[in-house]
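Please build the complete structure, drawing on both the sequences and the hints.
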Amino acid sequence: MQERGERVIDLKPEQLKRDNGVQPGYELPPQREVAKAPGANGAHGLRVSNLNAWFGNFQAIRDVSVQMKPGAITALIGPSGSGKSTFLRCLNRMHEAVPGARAAGEVVLDGENILGSRVDPVLVRRRIGMVFQRPNPFPTKSIFENVAAGLRIQGAPRSVVAERVERSLRQTALWDEVKDKLNAGGTDLSGGQQQRLCIARALAIEPEIILMDEPASALDPIATLKIEDLMVKLRERYTLVIVTHNMQQAARVSDYTGVFMTSINAAGTDRTGELVEFGETRQIFTNPVDPRTEAYITGRIG
Amino acid sequence: MSGLMQADAPPGTWQMSARRLRSRRVTDRLMRGLIWLSIMLAVVPLLFILGWIALKGAGAINLDLFTQLPGPPDDPHTGFANGIVGTLILVGIASVISVPVGIGAGIYLSEFGGSKTNIAIRFATDVLVGVPSITIGVFVYTLMVRPMGSFSAIAGGVALSLVMIPLIVRSTEEMLKLVPQAIREAALALGAPVWRTVLRYALPMALPGVITGILLAMARAAGETAPLLFTALGNNQWSAGLDQPVAALTLQVYFGAQSAYEVQKQQAWAGALVLVALVFITSVLARLAVRRAHARTR
Numbered sequence: 001m002q003e004r005g006e007r008v009i010d011l012k013p014e015q016l017k018r019d020n021g022v023q024p025g026y027e028l029p030p031q032r033e034v035a036k037a038p039g040a041n042g043a044h045g046l047r048v049s050n051l052n053a054w055f056g057n058f059q060a061i062r063d064v065s066v067q068m069k070p071g072a073i074t075a076l077i078g079p080s081g082s083g084k085s086t087f088l089r090c091l092n093r094m095h096e097a098v099p100g101a102r103a104a105g106e107v108v109l110d111g112e113n114i115l116g117s118r119v120d121p122v123l124v125r126r127r128i129g130m131v132f133q134r135p136n137p138f139p140t141k142s143i144f145e146n147v148a149a150g151l152r153i154q155g156a157p158r159s160v161v162a163e164r165v166e167r168s169l170r171q172t173a174l175w176d177e178v179k180d181k182l183n184a185g186g187t188d189l190s191g192g193q194q195q196r197l198c199i200a201r202a203l204a205i206e207p208e209i210i211l212m213d214e215p216a217s218a219l220d221p222i223a224t225l226k227i228e229d230l231m232v233k234l235r236e237r238y239t240l241v242i243v244t245h246n247m248q249q250a251a252r253v254s255d256y257t258g259v260f261m262t263s264i265n266a267a268g269t270d271r272t273g274e275l276v277e278f279g280e281t282r283q284i285f286t287n288p289v290d291p292r293t294e295a296y297i298t299g300r301i302g
Numbered sequence: 303m304s305g306l307m308q309a310d311a312p313p314g315t316w317q318m319s320a321r322r323l324r325s326r327r328v329t330d331r332l333m334r335g336l337i338w339l340s341i342m343l344a345v346v347p348l349l350f351i352l353g354w355i356a357l358k359g360a361g362a363i364n365l366d367l368f369t370q371l372p373g374p375p376d377d378p379h380t381g382f383a384n385g386i387v388g389t390l391i392l393v394g395i396a397s398v399i400s401v402p403v404g405i406g407a408g409i410y411l412s413e414f415g416g417s418k419t420n421i422a423i424r425f426a427t428d429v430l431v432g433v434p435s436i437t438i439g440v441f442v443y444t445l446m447v448r449p450m451g452s453f454s455a456i457a458g459g460v461a462l463s464l465v466m467i468p469l470i471v472r473s474t475e476e477m478l479k480l481v482p483q484a485i486r487e488a489a490l491a492l493g494a495p496v497w498r499t500v501l502r503y504a505l506p507m508a509l510p511g512v513i514t515g516i517l518l519a520m521a522r523a524a525g526e527t528a529p530l531l532f533t534a535l536g537n538n539q540w541s542a543g544l545d546q547p548v549a550a551l552t553l554q555v556y557f558g559a560q561s562a563y564e565v566q567k568q569q570a571w572a573g574a575l576v577l578v579a580l581v582f583i584t585s586v587l588a589r590l591a592v593r594r595a596h597a598r599t600r
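Listed in order, the protein sequences are those of chains A and B. Note that this note's numbering has the first sequence beginning at 1, numbered continuously upward. Note that this note's numbering has the second sequence beginning at 303, numbered continuously upward.
Since the hints were made in silico from the structure, they are not lab data. Note that the coordinates shown come from a computational prediction; the quantities given were computed from them, not determined experimentally. We treat Cβ as the ideally placed atom computed from N, Cα and C, and that holds for glycine. Each hint can be trusted.
To give an idea of the chain A side of the interface with chain B (calculated C-beta under 10 Å), a few residues:
hint, residue
1, Met130
2, Ala149
3, Gln154
Not the full set, but computed from the structure, chain A residues with beta-carbon under 7 Å of chain B:
hint, residue
4, Ala97
5, Asn136
6, Thr140
7, Ile153
Written out as structure tokens, the structure reads:
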């Protein structure tokens with residue numbers, strides 16, 4: 001369904017409808033001011049320069065340089081295997097959790113290169129949260145304990161835990177749905193609720209940046225819409241970076257868009273992901289500079 | 303029945319012939335039959351052994367067995383109370399040693415370690431599983447009983463722990479490998495250090511399986527006789543201390559079954575039954591406990 005969805009370009013306006021800004025083709029977010037660094041609520045951006053990442057001898061991404069604006073939503077789109085997920089996982093050092101994986105280059109948060117060898121990945125991940133493609137609540141833990149998990153890891157006092165759990169569940173619009181069954185298992189919820197639970201779990205430790213790896217691709221359209229609403233709500237308070245296969249989604253929610261492509265060397269032996277274009281979402285979808293971007297968003301590549 | 307399959311084929315399309323369909327059904331039945339046969343072959347000996355022990359042992363069961371010490375070989379008012387306690391002591395000592403070591407090594411194999419060290423460790427545990435248990439007994443005799451100058455419960459426990467460790471290592475590793483990587487990633491992404499991710503998130507999910515593995519290892523240890531012959535030795539009295547020889551149910555069954563006296567032969571049957579019951583009850587209780595613990599955390 002997803003694969004096909006990417007290729008459909010002439011969606012009916014009502015399918016894309018949010019607010020009133022309906023346009024033919026892709027609906028674009030209203031023009032808005034994006035805060036200058038650091039963000040309005042202290043959220044920092046991320047500056048990436050010359051990022052390379054490998055799995056063993058295989059180079060997954062090459063020389064990616066880009067700036068994530070604070071308090072904005074940056075969407076990363078591109079065909080499967082173009083390295084956008086790998087790129088995302090480098091941003092909070094989850095990439096290296098895979099055996100044999102390594103990354104080199106600079107990812108600067110608040111003046112510090114988080115890829116530096118002296119930097120503790122644990123501390124990076126507390127400031128840069130992550131939501132995964134498939135909802136992954138802890139099956140042995142209750143709804144409450146799922147959201148509280150990050151706070152427990154940091155040893156937060158009980159009063160703080162209770163308050164933050166409620167606030168995170170309210171932020172993700174889950175509170176009313178689960179407030180009477182906080183002790184039920186996290187996996188007893190529906191798929192969409194589980195994903196919002198995972199977002200609440202990430203929010204509870206108050207990160208500055210939230211990375212989302214295709215957060216809605218395992219969900220039905222209604223649940224997807226809720227997640228998208230949530231992203232827009234979280235904008236400005238947090239810096240969001242979202243990998244998506246769904247170009248309508250990128251167009252609807254993001255302020256900036258980066259396009260990844262697989263580049264193949266002349267011999268055809270080497271495939272590596274590269275960032276071919278980055279800019280304001282409006283520009284990417286209406287007036288792309290790179291011909292590959294245009295081909296991709298009109299459904300001719302991918 | 304085949305009419306249903308044959309009815310509406312549009313003209314010109316290929317269809318499986320009725321004969322072929324029939325032969326497939328026959329093959330299907332045949333295979334099912336063979337699978338049933340294998341199940342029976344696997345289960346029947348078990349039921350037979352259990353039934354035979356129950357039959358022979360039940361008649362010999364009486365209260366004295368559980369309260370009295372062994373005495374004159376023809377005295378029916380004797381028992382193996384010290385053997386039951388001794389087996390519990392021996393398996394207890396063995397578990398105290400092997401559970402932490404086994405779980406630790408299992409975690410290492412599943413979560414850490416380069417592939418080369420892992421291959422070496424796995425090979426070592428496989429060899430240890432295959433070592434004849436009498437060898438383990440002699441090994442511990444040389445290493446502990448001789449230097450300490452006495453057969454002892456400690457030496458028996460150490461010998462049994464060598465039986466248990468490889469079983470616990472492998473079952474812990476297998477169970478941890480079944481925990482989805484997504485769970486570990488979720489914890490890591492929340493800023494959990496690796497040790498905490500493993501101990502607080504991955505291990506609890508694997509716990510039912512890990513405990514089952516420990517129980518199987520305990521059952522194996524409780525049923526061992528050979529490693530105890532040179533270590534715990536056996537004892538007709540209550541255990542006088544962990545550094546002294548101790549009785550064990552298996553040893554009593556072993557010696558009782560060789561006895562010329564009918565009373566002792568009967569007691570050996572009863573001992574076998576008690577041993578089986580002990581293992582069965584422990585495993586049921588532990589499983590219930592795990593289930594309850596899980597229900598609570600949810």
